[in-house]
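Chain by chain, the residues run as shown.
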Amino acid sequence: MMRLLMANWHKWLALLVFMQLLIWLTTGLYFNSLMDSADNVTTERLVQHEGYLPGRQLYPVQAIAAPPPVAISLVWVLGSPYYQFDYNQPLHDYYLKQRRLFNATTGVPWQISPEQIAKIAEQAYSGRATGSKPVLISPPIDDLPRQQNPLWQVRFADEYSTAIYLDALTGHVIKHTNDRQRFDDLMFTLHFMDYSGSGFFNHPLIIVFATATCLLSLSGGYLLIFGSRQRPAAQSATPVTLTINFASTAEPARLEVRPTDTVFNALSKHNIELPSECGGAGTCGKCRVQCSADTPVNDVEHYHLSEQQLASGIRLGCQQLTGTCQQLQLPYR
Amino acid sequence: MRFVGLQFILWAVTGLYMVCLDIHFIHGEPLTHPSSVPLQLNDITYSTSHLLEDYPDATAITLVTLLQKPVYRFRSASGQRTVHVVDAITGLPVDLLSQAQARKIAEAAYTGSAVIEKVSPLISRAADGALNPLWVVRFDDFASSTLYIEQQSGRIIRRRHNYWYVFDWMWRLHIMDYDDGENVTNGWLRTVSLVSVLAALSGLTLLILRLARRRRPAL
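Chains as they are written, first to last, in numbering that gives the first Met the number 0: chain A, 0 to 332; chain R, 0 to 218.
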């Protein structure tokens, strides 16, 4: 009874994932049709940090009082050169970096000031609002869930609540964001079910839902191919009379039906709806009718009905042809 | 539903593959370990000041270790793309990487235990048409791990293995862009997503209608 098993699974899996399925479909459609990330942040402006080097005497790197790093870069901040000593070389910028900064002219350790951060943020912003006082914040940062390094944050009280995030050491702009960008981010959070804010899609919750959805769609495909129980329609067959006795009224109903129709379908054509969840597919077992006790029983009925019920003549309307079960009883019309 | 059923299955199967395999693994990040060798600063005789005298338009200057020697890597402000490498001891430009040197770099960075199967040259073409000569180092492991090393700079710029190629195809099937997998806004996807949303909403409507319907007592 593979089909019944599949149908049962299909029902419960659907109940589990249907909300997320709708979310996946609508957010997917959003990414496809409505999202335009390039248009989100229009107040972004490039900051020119680089100054003119030739002719400047730079401090020799080996004379700097620090343990030897893995790499040294010459970085610019507001027109002045600095040495950045890298003690690790992470594959992503958002991984935790171990660095130190030194003035490249004097060789002394250097620390950026909040005033300099404010100045850079102002240059990086082309809107009309003024920036808040820079704050150095530690991860986790809501706007940048993957970021593991502390960053400076400067907020602008404009229409879209713009925020600029800058590197803790160099003050270089890391991210420019606003409410339009945050809305796109929210769509990704929903699509990736990333409710813990990891910034990634490899977490147990989505793996469970993806597995369930896989089983749901595969069982759906199976039911689509093997599920329909279409009986051959024989137009030429002579109609038979189906007699229905109702427990509630004395008046029995006599219906002219085709002998090749199922009882379920025949009754449905005469507006008598048997209880059903599957619409006559044989998977829910709800469309019970009372036939005579010697009516033949099939596998599907064995699956859904007890021996006692079968012995007393209870059958499924969707499994019986009107040709073989012409007398039946229902609680009421 | 019959119209979009196959794509439903494809979305579910490809989605499952993509969420199950760690994205950093797919990008080949665990294939190499980052260099942690400290710079031999005392070996440096050619200072940054010297470098700027000789290359006044040098930009994005970095001092790193390449094959046990300190070198400067930089770009020139005029030709942003090309990476120049200059020896920090002799002050001379460093030649393009030889096949044997590429092999050494790959072996030092590779975290696996397999041996190199093949080292072959490749000239890759960037989006702007610039040519970039590479060494392609393939290891003899079960995933055919491959490192792409720039001949000019000695940097490992790409890490690939079979899981990446499978992922790439999963992605294309997921977004229904079968040529290069770069267009998420294609019309096919739009049509099928729209029909799917309607199919899902009709399913939800049917469920609500059935739950709301007066129930006939069962026998």
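Simulated from the structure, these hints should not be mistaken for laboratory data. A hint or two may mislead.
[What the hints assert, rightly or not] Here are the computed lysine to any residue pairs in the SDA-like style, where the Cα-Cα straight-line distance is at most 25 Å: (1) 96(A) / 29(R); (2) 268(A) / 210(R); (3) 285(A) / 211(R); (4) 268(A) / 211(R); (5) 103(R) / 157(R).
Values in this document were obtained by computation on a predicted structure and should not be read as measured data.
query: In ascending order, which of the hints set out earlier in this document are inconsistent with the structure?
result: As far as the earlier hints go, not one is violated by this structure.
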